[in-house]
Amino acid sequence: MIHTLLEKNGALTEKPKENYAPMNEKLKIKISDLSVRFGLTEVLKKVNLGLRENYVTAIMGPSGCGKSTLIRTLNRMNDIIQDCHVDGAVFLDGIDILDTTTDVVELRRRVGMVFQKPNPFPKSIYDNVAFGPKIHGMAKGKDLNQIVERSLRDAALWEEVKDRLKASALSLSGGQQQRLCIARALSVQPEVILLDEPCSALDPAATSKIESLMVALKKNYTVVVVTHNMQQAARVSDFTAFLYLGELIEYGETKQVFNNPSSRLTEDFITGRFG
Amino acid sequence: MKLRKFKAHLAFAVIRASAAIVIGVACLILYHLFINGYKVISWSFVSESPRQGMTAGGIFPAIFGTAYLMVLTLMFALPIGIASAIYFSEYVSAKRSRLAVVMRSATSMLAGVPSIVYGLLGLGLFVLMIGFGFSLLSASLTLSFLTLPVIIAASEEALHSVPLSYREAALALGATKWQMIRHAVLPYAVPGIMTACILALSRAAGETAPILLTGAAYYLPRLPASILDQFMALPFHIFTLSTQSVNPVKTRPIQFGTVLVLILLVLGMNLVAILIRTHYRRKMRT
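Going down the list, the protein sequences come from chains F and X.
Note that this note's numbering gives residue 156 to position 156 of the first sequence, counting from 1, and the numbers run on in steps of one.
Note that this note's numbering gives residue 16 to position 16 of the second sequence, counting from 1, and the numbers run on in steps of one.
For reference, chain X alone in the conformation it holds in the complex (with noise of 0.2 angstroms):
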């Protein structure tokens, strides 16, 4: 009796620990960032141009080259990622032809394929091939690939989750089947499928490897005019001033400002979808 009771304290305790473990690291991270950042973030920080050699000034071009992709990608990302879960989850997944389980292997295996991959493929297919250049374009459009795993995923599961009820209601009426996905499904599945996109973007913000390869820069003395110019990054520019800089070491505060800024901004995408996903469960219930 008392050996029972006892196993059910460990089982506690260890799960507890797991928990407070991650729990753990995560406020390390953000403490340690924090105190080390919290110092040069100003508003001149956040709105002007690095200065001296990147040792000095703002990482404003950077904030700017991140958002300006993370709106492309979105742009790219969202209407195929929307298209093929529907098509999976509407159109093939009631036949169980080979044909779709070879798709949706083929989709869960792009969610493994290492992002420096994603780089080369985006380098050859869209840089030199196409014939994009070093640009916003090849850079977005091969983070979408990278995001297009997640975002089918999710966009399925949330086309899923909308009730049986619904799209037979809906049918019952005589409705085409496409009417019945445009009108008593898609409705219904798009606050998950925006949490679903707001996730991957801050997912592909953070991503360093295959922008480095597609057209982030360096430094660049003005702002991209289009999107066949380079930009910079917020993850890129943390790696040029932490590997590449004159100075890593006079840089530091500048890195871990730029880190600070780059995880408020995902923070940032992520308690939007919080908040988009609630308000909407809230709004389904009532």
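Bound conformation, chain F alone (with noise of 0.2 angstroms):
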């Protein structure tokens, strides 16, 4: 409780939106006519997006409008998933990452996902942040224990466990689990940061704080969030996508699209028609 108060006035909620002044203009990924399938059933369909590098870009739009397959496809999790097809190309840093000749596995290190359910491994809390760097060889002993402590600390996770790093992740509540799953997936020192609706299993106030988190987080890294909830993307997002039914409905800056929208079925989503 007393942390929670301490954070509140902490640098956490200090929105840095408005001093982020350096305009970038890099696309960190383009898709381009992206068509995905599951079997017969059309998820995508055409899509064309660009992502900004050192920005946030919320993909928002009711459920079943494919907003998941699409992030999913940025780091190939769609790979798993059987008679799942995918046409178009995904280009990071100007490379196609749907490529068959792709190293999926430094794929996924470059672009880290964080899932709607938080889902750490059973283990300790130091034992789920190592586990990246342990894996890709990254580390060991003192620079292990600094990657993790450094992790914990960009999810702002650290100062509420760094006394019970022993501890069972599973110990934590729900808002912590999802922030260790945040520190888990920066641990691997990723490019960009893809979050799958990280906030529709928490209560409102660790809701706030993954907020103001995945703000703080675009100063070193890329963020693309999907959300069913349009208040959360107007109030973390630089850039917002809206997906309805598979199509690209609108693309643009967040404040033009909610304020000025130009696609009747976006403005219908934001005043609450449907969704």
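One or more of the hints may lead you astray.
Unchecked claim - Heads up, simulated SDA-like pairs for lysine to any residue below, C-alpha to C-alpha not over 20 angstroms straight-line: (1) Lys123/F / Ile181/X; (2) Lys45/F / Gln82/F; (3) Lys123/F / Lys283/X; (4) Lys177/X / Thr102/F; (5) Lys45/F / Leu265/F; (6) Lys134/F / Ser161/X; (7) Lys134/F / His183/X; (8) Lys177/X / Leu265/F; (9) Lys117/F / Val162/X; (10) Lys134/F / Gln179/X; (11) Lys117/F / Ser161/X; (12) Lys283/X / Ser168/F; (13) Lys283/X / Gly174/F; (14) Lys283/X / Leu165/F; (15) Lys166/F / Tyr280/X; (16) Lys177/X / Ile80/F; (17) Lys123/F / Val162/X; (18) Lys123/F / Glu168/X; (19) Lys117/F / Glu168/X; (20) Lys166/F / Lys283/X; (21) Lys134/F / Lys177/X.
What the hints assert, rightly or not - Covered, in the sense of this in silico footprint (three residues per stretch, anywhere, with C-beta under 8 angstroms from a C-beta of chain F), are these stretches of chain X: (22) 178 to 189; (23) 266 to 277.
What the hints contain is simulated information worked out from the structure, not anything from laboratory work.
Even glycine gets a Cβ: it sits at the ideal position worked out from N, Cα and C.
Two chains, two frames, some hints: make the complex.
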């Protein structure tokens, strides 16, 4: 409780949105004519989208519009789903990651992912964060400790867990577990962080922490967040994409999408007429 | 309205009676064995060798032989069983290839093969063809074949019950498929696999036909010195005492005592399996 109060006044809630001046026009990820189908069901239809480096891009839309499928394509997590067919191209720093020659293991190290439901391993807090660096053979001993500390700090969890790193990750609260999962994703030094409805299983207090964290993360990472919650998209993102029934309806700066949507569908969704 | 209630009562009565019959039979067997066998059970009974043409003395060599056999069987069956389970559940189950279907049905068919057939297979393959002779090695290899289908099926189930979210978490961090299996799946399937192995072994501990044909001895004056020696075993000892002995009537208390020891051994293994399962279930939850 005290922690929460302290952090309310701390660095976390200082939204760097306003003073984040330098306009970076570089596209970290470029999605071109991406179509995905599961068996005969078309989930994504010719989606074209550019994701800017060091910004938060929100992908929103009603349930079943294909937003999770879209970000799961960005780290090829859909590979593990049977009958999943992907067409088109996704360029990460100009290289097509859908190409068969892509090293998927390296891709997933560069493009980290946080899932809808917090999914820590039933190991200690330390081991959860150390898992990634260990399997990549990145560090041992003291270096590993440093990586763990840095990752937990970046995920704004260090102060809460530094005295009980050996405790089971499952003893943490839901919000802490999700931040632990973010720390785990950060531990392998990715360039892009994908968050698939990271707050849908959390209470409002935990949600606001994760939201501040997402905003803080864009300093060093390109952040893509899927959400069906438009307020969340408005709060955290710089750019917003609106997906509906597998099609990209609207994409632009968040302010513009919310204040002056160009499509009737977007307007209806934002004003809560459906979704 | 009344008829509906009557039917409900009737259904529950039948269900209860069925359960009572099962429990009753189990209790009856245990009671019968205990009443007839407990008198001969003593420290000397479990620690000494049989004497006077097996009409007196203990059954230590048979206990030792069965334990030795179980350890060897586990050593052979466990790695092969886990490896095949991983293969079935992680590598072929995703592709519904014809090969996978054929292999899977071959494994489940193995489970239906009568144990005497395993015995004959062991006799032909290990004892005669490969030339291990009548030995612990031949018998344990035969028994490991017998336990494999059970171990594979249960291990596969244990692997399947590991949440998808662990696999996704590992893969999303850039784990290779093998790293995912090794670090994010297998550790959490181990309790289930262990439970399955112990249960399969406890089943194998009571098997008579396969070891009868592959290495169990009627009587041995000394303990097996190596895995190429013959051995005495509890189920076969019961069989010889009751059918091959000079005086089956006189040895009846020893027979009951031996059966009781075997049953306690099997129940003990089952208990350990249950304890492992509950321990890890609790651990996984907190």
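Going through the hints against the structure:
With a C-alpha separation of about 16 angstroms, the suggested pairing of Lys123/F with Ile181/X holds against the 20 angstroms cut-off. Between Lys45/F and Gln82/F, the direct Cα distance comes to roughly 19 angstroms. Compliance with the 20 angstroms bound is thereby established for this hinted pair. Between Lys123/F and Lys283/X the CA atoms are separated by roughly 10 angstroms; this keeps the pair inside 20 angstroms, and the hint holds. Restraint check for Lys177/X and Thr102/F: the C-alpha separation of about 15 angstroms stays at or below 20 angstroms, so the hint holds.
Distance hint between Lys45/F and Leu265/F is fulfilled; the C-alpha atoms sit about 17 angstroms from each other, no more than 20 angstroms. Between Lys134/F and Ser161/X the alpha-carbon distance is near 25 angstroms, which puts this suggested pair outside the 20 angstroms criterion. Using a Cα cut-off of 20 angstroms, the hinted pair Lys134/F and His183/X holds, with the two alpha carbons roughly 11 angstroms apart. Of the supplied pair hints, the one linking Lys177/X and Leu265/F is violated, its CA atoms being roughly 42 angstroms apart against a limit of 20 angstroms.
A threshold of 20 angstroms between alpha carbons decides the hint, and for Lys117/F with Val162/X the separation of about 16 angstroms falls inside it, so the pair holds. Taking the CA atoms of Lys134/F and Gln179/X, the gap is near 10 angstroms; set against the 20 angstroms cutoff, the hint holds. For the given pair, Lys117/F sits about 18 angstroms from Ser161/X by alpha-carbon distance, which is consistent with the 20 angstroms threshold. With a C-alpha separation of about 10 angstroms, the suggested pairing of Lys283/X with Ser168/F holds against the 20 angstroms cut-off.
Under the criterion of a C-alpha separation no larger than 20 angstroms, the hint pairing Lys283/X with Gly174/F is consistent with the structure, at around 18 angstroms. Taking the CA atoms of Lys283/X and Leu165/F, the gap is near 18 angstroms; set against the 20 angstroms cutoff, the hint holds. Between Lys166/F and Tyr280/X, the direct Cα distance comes to roughly 18 angstroms. Compliance with the 20 angstroms bound is thereby established for this hinted pair. Only pairs whose Cα atoms come within 20 angstroms are accepted, and Lys177/X paired with Ile80/F is accepted, the gap being roughly 10 angstroms.
Annotation: proposed proximity of Lys123/F to Val162/X holds, straight-line Cα distance about 14 angstroms (limit 20 angstroms). A C-alpha spacing of about 16 angstroms is found between Lys123/F and Glu168/X, which places the hinted pair at or below 20 angstroms, so the restraint holds. Using a Cα cut-off of 20 angstroms, the hinted pair Lys117/F and Glu168/X holds, with the two alpha carbons roughly 12 angstroms apart. Between the alpha carbons of Lys166/F and Lys283/X the distance comes to roughly 15 angstroms, so the proposed pair stays at or under 20 angstroms and holds.
Using a Cα cut-off of 20 angstroms, the hinted pair Lys134/F and Lys177/X holds, with the two alpha carbons roughly 15 angstroms apart. Counting residues of the region 178 to 189 of chain X whose C-beta lies closer than 8 angstroms to any C-beta of chain F gives 4; at least three are required, and the coverage claim holds. Chain F is given as covering the region 266 to 277 of chain X, and this is violated because 0 residues of the stretch bring a CB closer than 8 angstroms to a CB of that chain, at least three being needed.
When each numbered hint is compared with the structure, violations occur for hints 6, 8 and 23.
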